[in-house]
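Just so you know, the sequences run in chain order A and B. Just so it is clear: in the first sequence, position 235 is 235 by my numbering, and no numbers are missing. Just so it is clear: in the second sequence, position 11 is 11 by my numbering, and no numbers are missing.
In case anyone wonders, no lab produced these hints; they're calculated from the structure. Ideal Cβ positions, reconstructed from N, Cα and C, are used throughout, including at glycine. Treat the hints with caution; some may be incorrect.
[As the list claims (entries may be wrong)] Covered, in the sense of this in silico footprint (three residues per stretch, anywhere, with C-beta under 8 Å from a C-beta of chain B), are these stretches of chain A:
| hint | segment |
| --- | --- |
| 1 | 18–29 |
| 2 | 45–58 |
| 3 | 97–110 |
| 4 | 183–196 |
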Amino acid sequence: MVDGFRPADLQEALEFRARHPSIPIAGGTDLMVQKARGFGLKPDFNKPLLFIGHLRKLRQISVRDGNIHIGAGVLLSELIINDKISEALKMAVRQMASPPSRNLATIGGNICNASPAGDTLPYLYAVDAKLILKSVSSERIIHIGKFITDPKQNTLEHDELLTEIIIPNKIFNVSYYKKVGQRKGMSLTKASFQGLADIKNSNVLDIRIAFGSVAPIIVRSREIEASIIGKPVSEINAAVPEILKKYATLIRPIDDARSSAAYRKRVSLRLLEDFLSKLS
Amino acid sequence: MKIEFVLNDKKQVIQVDPASRLLDILRDDFELTSVKEGCGEGECGACVVLMDDKAVNSCLIPVGNIEGRHIVTMESFRKTERYKVIEESFLEAGSVQCGFCTPGIVMSTESLLRENPKPGDNEIRDALSGNLCRCTGYNMIIKGVKLAATRGKGLW
Numbered sequence: 001m002v003d004g005f006r007p008a009d010l011q012e013a014l015e016f017r018a019r020h021p022s023i024p025i026a027g028g029t030d031l032m033v034q035k036a037r038g039f040g041l042k043p044d045f046n047k048p049l050l051f052i053g054h055l056r057k058l059r060q061i062s063v064r065d066g067n068i069h070i071g072a073g074v075l076l077s078e079l080i081i082n083d084k085i086s087e088a089l090k091m092a093v094r095q096m097a098s099p100p101s102r103n104l105a106t107i108g109g110n111i112c113n114a115s116p117a118g119d120t121l122p123y124l125y126a127v128d129a130k131l132i133l134k135s136v137s138s139e140r141i142i143h144i145g146k147f148i149t150d151p152k153q154n155t156l157e158h159d160e161l162l163t164e165i166i167i168p169n170k171i172f173n174v175s176y177y178k179k180v181g182q183r184k185g186m187s188l189t190k191a192s193f194q195g196l197a198d199i200k201n202s203n204v205l206d207i208r209i210a211f212g213s214v215a216p217i218i219v220r221s222r223e224i225e226a227s228i229i230g231k232p233v234s235e236i237n238a239a240v241p242e243i244l245k246k247y248a249t250l251i252r253p254i255d256d257a258r259s260s261a262a263y264r265k266r267v268s269l270r271l272l273e274d275f276l277s278k279l280s
Numbered sequence: 001m002k003i004e005f006v007l008n009d010k011k012q013v014i015q016v017d018p019a020s021r022l023l024d025i026l027r028d029d030f031e032l033t034s035v036k037e038g039c040g041e042g043e044c045g046a047c048v049v050l051m052d053d054k055a056v057n058s059c060l061i062p063v064g065n066i067e068g069r070h071i072v073t074m075e076s077f078r079k080t081e082r083y084k085v086i087e088e089s090f091l092e093a094g095s096v097q098c099g100f101c102t103p104g105i106v107m108s109t110e111s112l113l114r115e116n117p118k119p120g121d122n123e124i125r126d127a128l129s130g131n132l133c134r135c136t137g138y139n140m141i142i143k144g145v146k147l148a149a150t151r152g153k154g155l156w
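Make the full structure from the sequences, and use the hints.
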């Protein structure tokens, strides 16, 4: 068995992917920990590694038709300093891990890892990010919500690679992000909240609300958002208790080493309350 | 897999399983023991080295990823003028106690000062947020980094 392959370009990577069962690996910051066996031992991967972190095609950030295209191999540290990336996403990324890990970790890895606590996910769900999945013979574009199906589960086919993330061209004039962790640096999320809104003349033209770490997948409800859109801010401010009640049924956290279900739920609803009451 | 890379300014060609951790290759094959293993999961920063001048956790890097890259550890960085300034400043500020975390912190400091020669308090705290120290309480380390930035003016 080959233990790994370093393709020269994306085409070669996809050809390898089509021919061999493989584990795509970019930065490795999640996989190397998940497969670690301890001091001095090499991590235990059951399939050959396909190294894709160095592929130029996956390292670009560009604007096409007004949409931002982020290569799956773009580093977290590169997102923070790129002027095409929105302040909302930067805010989430700046609070992820630490500089030595952000210099390795990629946005594509954070998505494919499909952790409920993946910190780029609430933003990507909120903005309706789409993913380009390529194989030698096909290309499909799907909504991130259709890609991640369960904790650690995604719909990537054995011959596909995530190549690009598309952020639709849309301006929000209100952006609110909070990550709740045990401390500031190197913290894993207990609960996170992404709120985005477009307010004009005190009317809610658009609103996006996403919760991280409080259910098997990111929580977002188009139905509740639709009930808010088009209304005057004063009406929304008055309806906050009602909106909280609706979201309370969707927020289904668990107790684990990081936090308790009760705390997660409470803090998530408080953050939503804070976001909604700040709209003006 | 055959991997070619530059280690402390010297070209190396190694035959390895590409899933091996860079940390283990540095310590076991090259005997560069300034690189420490603390947690093995990217939390403590004791294994931080420079890859193309940027601080990275060597415990998280599969060696398949270092092809063509330049890795620098304390063993060679300590010969530089910039290191001497950091060492002097750290000693003066009391930034070092047991010393286990120090190589990683020195590497993070170098990476920070290369990017930002005049960092403020918060920038220093962020740059060192991936390095745990159980002795000093951090304030003395931050003081040490500030002192190095002032003293080493023009070096970064």
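Evaluation of the provided hints:
| no. | hint | in the structure |
| --- | --- | --- |
| 1 | 18–29 | holds (count 4) |
| 2 | 45–58 | holds (count 5) |
| 3 | 97–110 | holds (count 7) |
| 4 | 183–196 | holds (count 3) |
Violated hints are absent here; each numbered hint is respected by the structure.
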